[in-house]
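Student: This is what each chain is made of:
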Amino acid sequence: MERRQPDLVLIVARSFATKLATPTLIIDANGDLVYFNDAAAEVLGSSYLDVGALDASRWQELFQPRRLSDEEPLTAEQTPGGVALLERRPVHDSFAFRGLDGREREITVTAFPLFSHPDEVVGVMSIFWELPPAP
Amino acid sequence: MIVRVWGARGSLAAPGPATVGYGGNTPCVELELADGTTLILDAGSGIRELGQRLVERDPGALYVCLTHLHLDHVEGLGFFAPLWRAGWKLRFWGPPSPTATLRARVSRYLSPPLFPIGLSEAPAEAEFEDAPREPWRVGSAVVEAQTVEHRGPTLGYRIEDEGRVLVYLPDHEPYLTAGLGDEPKWISGWALAAGADLLLHDSQYTEGEYTDRIGWGHSSMSHAASFSRAAGVHRLGMFHHDPMRSDRQLEALYDQVAEVVRDEQEPPLIARDGLEIVLS
Numbered sequence: 074m075e076r077r078q079p080d081l082v083l084i085v086a087r088s089f090a091t092k093l094a095t096p097t098l099i100i101d102a103n104g105d106l107v108y109f110n111d112a113a114a115e116v117l118g119s120s121y122l123d124v125g126a127l128d129a130s131r132w133q134e135l136f137q138p139r140r141l142s143d144e145e146p147l148t149a150e151q152t153p154g155g156v157a158l159l160e161r162r163p164v165h166d167s168f169a170f171r172g173l174d175g176r177e178r179e180i181t182v183t184a185f186p187l188f189s190h191p192d193e194v195v196g197v198m199s200i201f202w203e204l205p206p207a208p
Numbered sequence: 012m013i014v015r016v017w018g019a020r021g022s023l024a025a026p027g028p029a030t031v032g033y034g035g036n037t038p039c040v041e042l043e044l045a046d047g048t049t050l051i052l053d054a055g056s057g058i059r060e061l062g063q064r065l066v067e068r069d070p071g072a073l074y075v076c077l078t079h080l081h082l083d084h085v086e087g088l089g090f091f092a093p094l095w096r097a098g099w100k101l102r103f104w105g106p107p108s109p110t111a112t113l114r115a116r117v118s119r120y121l122s123p124p125l126f127p128i129g130l131s132e133a134p135a136e137a138e139f140e141d142a143p144r145e146p147w148r149v150g151s152a153v154v155e156a157q158t159v160e161h162r163g164p165t166l167g168y169r170i171e172d173e174g175r176v177l178v179y180l181p182d183h184e185p186y187l188t189a190g191l192g193d194e195p196k197w198i199s200g201w202a203l204a205a206g207a208d209l210l211l212h213d214s215q216y217t218e219g220e221y222t223d224r225i226g227w228g229h230s231s232m233s234h235a236a237s238f239s240r241a242a243g244v245h246r247l248g249m250f251h252h253d254p255m256r257s258d259r260q261l262e263a264l265y266d267q268v269a270e271v272v273r274d275e276q277e278p279p280l281i282a283r284d285g286l287e288i289v290l291s
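So the sequence lines, in the order shown, correspond to chains Y and L.
Going by this note's numbering, the first sequence opens with residue 74, and the numbers climb by one from there.
Going by this note's numbering, the second sequence opens with residue 12, and the numbers climb by one from there.
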């Protein structure tokens, strides 16, 4: 039996997210998507039960995040969650992506690193809102 | 590895005629490792009697793993004889904190006005340090600590000695942050407990009591049984008995736990003061 599991901070964050009505997504220390809640499913266009965990390159490929200003593709490391993970600081930014239902969306995101120890980040929690369509 | 329980009561020492069978001492478990090393889990009131026995031998090294610093897990230190005699070398591990050393945190209890004598006055050589994040060796055993779900920073311990595994999760509420049907890896403490020969696990509440105490950091008996099943444990030891629970009540509740693990495990046991189990 392989005895590997996420850090308790990530377990508790996931449990917290399940109870939130705010769209919330969690990535682990590798940048892999490990959970998003039901509220997030509405924005992302599919439920976590249907999608499951995704590694960083796969979720970037599926969602195709793009910069708002010039539509340039964003790598996983350039999204707010990626920056929060790499630079170990909170990040607030907006970007566009394609939902899993094929609909284009723009969202604003606040992402913050989850520290289990002062020197150890075990993941990132991102809360986000869909931006209203431009008038 | 020989496992000796010196205290299995939770929250508050509970001596008296109604608890004389399973005992009233708060958590303390002695492990006699294959190479003779003594490793102690928690320092509840049960450590007093253990200390009396230890000082019958020549002073030496002792190792103590503290799960957390709630009073019922450290209250015995003031009467742990080796700490108060010169010549003994004690090494303590406990949960990490970003703000204070383990010694400073333990000293909050072992200092006036809560205790008349300060830890700095103890004649023994005592070292305190945060538990390592990676497994480490103590005598012939490998010890692993992981943070688990309870109120405040709390560790569970896995001790593997000559291929046999004891897991100690005396204060643990795994189903606060997971559903009973969740993937095991999202259940607090699962990796620590996986495949253990013996799991001493929090079994404080009945189902009815748990409903009124969700989030207090403890498990119901059926949650303890479900957790042990999810982790593929060979035998569950019910531990951290509620201080209000009489011997008769504990035995009446035993069948509920046994039912959950029936056909998959050895029959569970009710941990009690004086219990000795050889894992070999």
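The hints are simulated quantities; they were obtained by calculation from the structure and are not laboratory data.
Note that the coordinates shown come from a computational prediction; the quantities given were computed from them, not determined experimentally.
Take the hints with a grain of salt, since some may be wrong.
As the list claims (entries may be wrong) - So, partial list: chain Y residues that the calculated Cβ filter (under 7 Å) puts toward chain L:
(1) 74
(2) 78
(3) 81
(4) 84
(5) 92
(6) 94
(7) 95
(8) 194
Beta carbons: idealized from backbone N, C-alpha and C, even for Gly.
Student: Which of the numbered hints above does this structure break?
Tutor: Numbers 5, 6, 7, 8 - these are the hints that the structure violates, sorted from lowest upward.
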